[in-house]
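Please model the complete structure; the sequences and the hints are all you need to start from.
Here's the letter readout for the chains.
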Amino acid sequence: MQNAANSVPLLRLTEVSRDFDVSRPWLNRVLEGTPQQWLRAVDAMSFELRRGETLALVGESGCGKSTVARLIVGLYEPTGGRIEFEGIDLASADASGLRRRMQMIFQDPYASLNPRWRVMDIVAEPIRVLRLTKSPAEIADRVGELLVQVGLSPEDREKYPHEFSGGQRQRISIARALSGSPEFLVCDEPTSALDVSVQAQILNLMSALQEKLGLTYLFISHNLAVVSHVADRVGVMYLGRLAELSDADELFARPKHPYTRMLLDAIPDLQMSGKARTPVAGEVPNPLKPPPGCAFNPRCPHANERCRSERPAVLPHGTSLVACHAVQEGRIRV
Amino acid sequence: MSEPLLEVKDLRVEFPTRRGTLTAVDGISFSLAPGEVLGVVGESGAGKSLTGMAIIGLLEPPGRIAGGEIRLEGQRIDTLPYEQMRRIRGRRIGAIFQDPLTSLNPLYTIGEQLVETILTHLDVSPAQARSRAIALLSEVGIPAAESRFDHYPHQFSGGMRQRVVIALALCAEPRLIVADEPTTALDVSIQAQIITLLKRLARDHGTAVLLITHDMGVIAETADRVAVMYAGRIAEIGPVREVIHAPRHPYSVGLMGSIPKIRERTGEGAGARRQHLVQIEGSMPRLTAIPPGCAFHPRCPKRFERCDRERPEPMATGANRTACWLYAERSE
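These protein sequence lines are chains A and B, in that order.
Just so you know, my numbering puts 240 at position 240 of the first sequence, and the rest follows in order with no gaps.
Just so you know, my numbering puts 103 at position 103 of the second sequence, and the rest follows in order with no gaps.
It should be emphasised that the hints constitute simulated quantities derived from the structure, not laboratory data.
Backbone N, C-alpha and C define an ideal beta-carbon position, used for all residues, glycine too.
Hints may be right or wrong, so weigh each one.
To be verified - Among the chain A residues that face chain B by a calculated CB cut under 10 Å, a handful are:
1) G62
2) Q199
3) A200
4) Q201
5) V226
6) D269
7) L270
8) A281
9) E283
10) L315
To be verified - Non-contacting residues of chain B with respect to chain A, defined by C-beta distances greater than 12 Å in every case (computed):
11) P16
12) R19
13) P106
14) T109
15) D187
Printed below as a string of structure tokens:
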């Protein structure tokens, strides 16, 4: 992209796809004569992540954003395409040491911490697994330091997760993610299970840590307002594909793809300016039977014959990448 | 204003536990005029859902109403026996919950569920009930209502199911709808559709709505007045505009500040990024450890001696009522 001089991107996805088998059980298929069924959750996604930036992926449920996160950290294998970390394919043999440089923060801080483990063991697990240090005293020191870094106290090492509130638990998850000294964090809806005042604490903490430790974030969220606070660049996903990828300022100032505009319009108006909202029509189609052409065409006010038959490619438009015939043909004024 | 449709006075909800009694809702009072939409906003554990459950008489034991009274159109409903309350629920108070799947019976078609509800509460023939059900379904925006009448809940998407639940709540033309997080389980684009629908229906039918949510955006779009709850008490109550643009209670101020907003669309350049969100330090106290005096005082940036000794009651602050000692002199 533009910063080609800036050597290799930290992470590059090339035409990454992931299919899931959603067939009925084998016996049913044989008796009823139904074929196997595949759901394409992520469809030929390509994007890059630069060192030190925050890229946000937004979209409604089922758009494949969490699958992308899981593909990157290796919880799923891609069905097709390549994921490269500093130019090395993560599927190749040389990649074994690379995974430890990335960590993941999950949405639900109640489900992601083992209730039977003390905070000490939870946070120390990556240190032990990665064999960063063996001395128990050093591990305890390091855990205490990490807890202070996320706004807890070293005494919390001896407590169990149930003794903490949701926001504090998410702080523990962040401490755990940081304990292996990663450079890259994949955050899957890290604040959507939290109350707003706590969400603000966690978002502020995450930006402070990014500045201090030079972290790179992939931030998955459905909430565009949250995204506008944390992201340098934003990718909008719809039905497993990228609809638009822009610098955050550009995306919020001049959204291009009709779906991005619809998402921005759907945000409740806190200022109560009384501006009329464009009524949002329709729902996300069944991903098992995506509509032909552009997946958004049944809900799109600008759809024409071409949109209903030919799938738009992700093409540059100004500084953005947009997958929309109407934008590329100039039918929509942006 | 005429006689209030719903009047809640000094309501207390308690949970007896082995280690003593927990007070989850602690002496809250408000009223709702016919046709009005009152938002109840607060973070989890603030007692907003329990307030709603107490009003519709569905508090789960061991939770119980330990004090105060609830009046619907002048009639006291918090002391009614279960059977009588059951008849009021559905007929005069409709309810909408967060998860439409749990509000619908998976074994019956939505048509059967609607017709049953209509026949229970209204004196009509089965044929009339059926046509009323179909009319309701198309009113809440379900396309091809007639053919979807015989479908089961699992054949609908989340947004469509919530529309069915709203149709169910409207069956008997209730005077009041208690909607507990009606849009929380839905995607943003669907959420906007449901908000618009609720608002239109409340206006067209003259139904009052008690809208319980944690999402200030939903309140801003829908409600006429809003009550901000904290630790089982009302911190501030007043017209939506006032609470959003000029919050009085330090908790409401913090809450409004901590909501991420889409940054200024004209703000160019990287400087616009990473503005720190206002944050309230700490978190809401647990029910076992509600501080004396004002429950918010340990987190309050403006606290003074009086706050940890005496509990403030809501007092008039302009068009609002605010439970905060900062405003004591002005009203005294």
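Task: Evaluation of the interface hint that places A/A200 against chain B, nearest CB under 10 Å - done: Check passed: Cβ of A/A200 comes within 4 Å of chain B, closer than 10 Å.
Open item on the list: A closest beta-carbon separation below 10 Å is what the hint needs, so does A/G62 meet it against chain B?
Closed with: Result: holds, 9 Å to nearest chain B Cβ.
- [ ] So, A/Q199 near chain B? Judge it on the closest CB pair being under 10 Å.
- [x] holds, 7 Å
TODO: Closer than 10 Å between Cβ atoms is the bar; does A/L315 clear it against chain B? Give me holds or violated.
DONE: violated, 24 Å
Open item on the list: Minimum C-beta separation from B/D187 to chain A exceeding 12 Å: can you confirm that?
Closed with: At about 4 Å from chain A, B/D187 fails to clear the 12 Å cut-off, so the statement is violated.
Task: Closest C-beta approach of A/Q201 to chain B relative to 10 Å, hint status - done: With a minimum Cβ separation of about 5 Å from chain B (threshold 10 Å), the hint on A/Q201 holds.
Task: Distance rule for B/R19, whose beta carbon must clear each one in chain A by more than 12 Å - done: holds, 16 Å
Task: Satisfaction of the A/E283 interface hint, Cβ to chain B closer than 10 Å - done: holds, 5 Å
Task: 12 Å cut-off, C-beta based - B/P16 kept clear of every residue in chain A - done: holds, 22 Å
Task: Hinted contact A/A281 with chain B - closest CB pair below 10 Å - done: holds, 8 Å
- [ ] Double-check A/L270 for me: the hint is only fine if its C-beta lies closer than 10 Å to a C-beta in chain B.
- [x] holds, 5 Å
Open item on the list: Hint A/V226 vs chain B: min CB-CB distance below 10 Å?
Closed with: A/V226 check passes; min Cβ-Cβ to chain B is 5 Å, inside 10 Å.
Consistency with the previously given hints fails for numbers 10 and 15, ordered from lowest to highest.
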